[in-house]
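K.L.:
So you can see what is in the structure, the chains are spelled out below.
Number of protein chains: 2
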Amino acid sequence: MVESLGVTADMAFSEAERAAVYRAIAERRDVRRGFVDRSLPDELLQRLLAAAHNAPSVGLMQPSRFIVIRNLATRKAIHDIFQEANANAATTYTGEQGQQYAALKLEGILEAPQNLCIVCDAQNERGHKLGRHTMPETAAYSTVCAVQNLWLAARAEGVGVGWVSILDPIRLRGLLRIPERLLPVAYLCLGYVDRFASEPELERAGWEKRVPLRSAICYETYSEEDKS
Amino acid sequence: MVESLGVTADMAFSEAERAAVYRAIAERRDVRRGFVDRSLPDELLQRLLAAAHNAPSVGLMQPSRFIVIRNLATRKAIHDIFQEANANAATTYTGEQGQQYAALKLEGILEAPQNLCIVCDAQNERGHKLGRHTMPETAAYSTVCAVQNLWLAARAEGVGVGWVSILDPIRLRGLLRIPERLLPVAYLCLGYVDRFASEPELERAGWEKRVPLRSAICYETYSEEDKS
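So the sequences go chain by chain: A and B.
Take the position in the first sequence, starting the count at 1, then add 474; the result is the number in my numbering.
Take the position in the second sequence, starting the count at 1, then add 474; the result is the number in my numbering.
A couple of the hints might just be wrong.
The list treats identical chains as interchangeable, and a pair is accepted whether it falls inside one copy or across any two copies.
[To be verified] Here are the simulated DSS-like pairs of lysine-lysine, each with C-alpha atoms no more than 30 angstroms apart in a straight line:
#, residue 1, residue 2
1, Lys683, Lys579
2, Lys683, Lys550
3, Lys683, Lys603
Don't read these hints as lab results, they were simulated from the structure.
Everything numeric in this text was worked out from a predicted model, so none of it was measured.
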């Protein structure tokens, strides 16, 4: 019976395995600087993409498509798209906050030898719409789960990942020839790094502080009582 | 210099640590059956929530809020919401597919001693909108990253997690008193399980098959050439 269910024989993680998973989660960083000018071996890149592809997906639709970008001309064009979006964003901040924003390093498009655009084929019929009747957004969410799998695997491999959302998705779509029916979900910069910071870059730069976990938890129903 | 950057001293993961991370990714399952009727110790639940809370978030806004639900009456009311949505969904399948759908087990709301609704406070000013000018959906995506962190940590702890998306989000919101400005992103069933299946439940049931990784990858620009 157990065998016919395709059960994994040795289920429990050892204490060391468990600690490794928590370590990847705790030490994962959004990396925008310090990329080493050395391409990832294709085998390593394939391992990272396999980790992403192993993500849960609603109805087992597996809607994620991975566009690997190494071409420098393409990355320069993406960087132009970033610069325009970032200049627009910068105008919304004034005074000290404006100066602080201008000083932030928010992407590593040119420094990271490989970029990765992850798109969601949300209209794809795979999965026969199971799980998507009431919450169709779960197709895009499946693709985000793929991003997070890749991010954690990358940390374990010593590969930095940065997510760049300061991009006009319409221009991105045009440049990468992404059809209308696909949704660009994430644009990532990937590369070896010499080190990972011990805290988020935006916290170190004084832009924002992390909140304590207890302020994010409630029991039985939603509530906003002050838990800080 | 290195110290002032708050750098982790011992960066590289060992081979065993790397393997543990990939193991969690490969052996994570969407669990809908086999939950053991034993509550998770609060300390364990807090570790899982801390893993979720450690997820990346756009602009470091940390928009995720976690509603822990143990109350059986609440879970019964959620189960009613599921049953209505599932009955509606079932009407869209006919013939053999209709019979197959009816036979699927798609949630463990009552069997899992704890449920978790994860919502996104997407209008929250934390992060000062950094990264959200062109792609505001990244707030909700941050919450999905939290879900995936929790899912992998849970696998390492021997805890099964199932994501239920067959729910009317408006009724869910009403029942859990989630204000309009917050977005219900994920409803999860959590609990100890005796075993994890070696393949996705929907694949074993013959509903859908996984596609090979190579069919999901393209280079430099999007393309749909047949890679199977």
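K.L.:
Could you run down the list of hints and mark each one as holding or not?
P.N.:
Each hint, compared with the structure:
1. Lys683 / Lys579: For Lys683 and Lys579, only the intra-copy Cα distance (17 angstroms) is at most 30 angstroms; the inter-copy one is 42 angstroms.
2. Lys683 / Lys550: neither (32 angstroms within a copy, 38 angstroms between copies)
3. Lys683 / Lys603: between (40 angstroms within a copy, 14 angstroms between copies)
Checked against the numbered hints given earlier, this structure breaks only hint 2.
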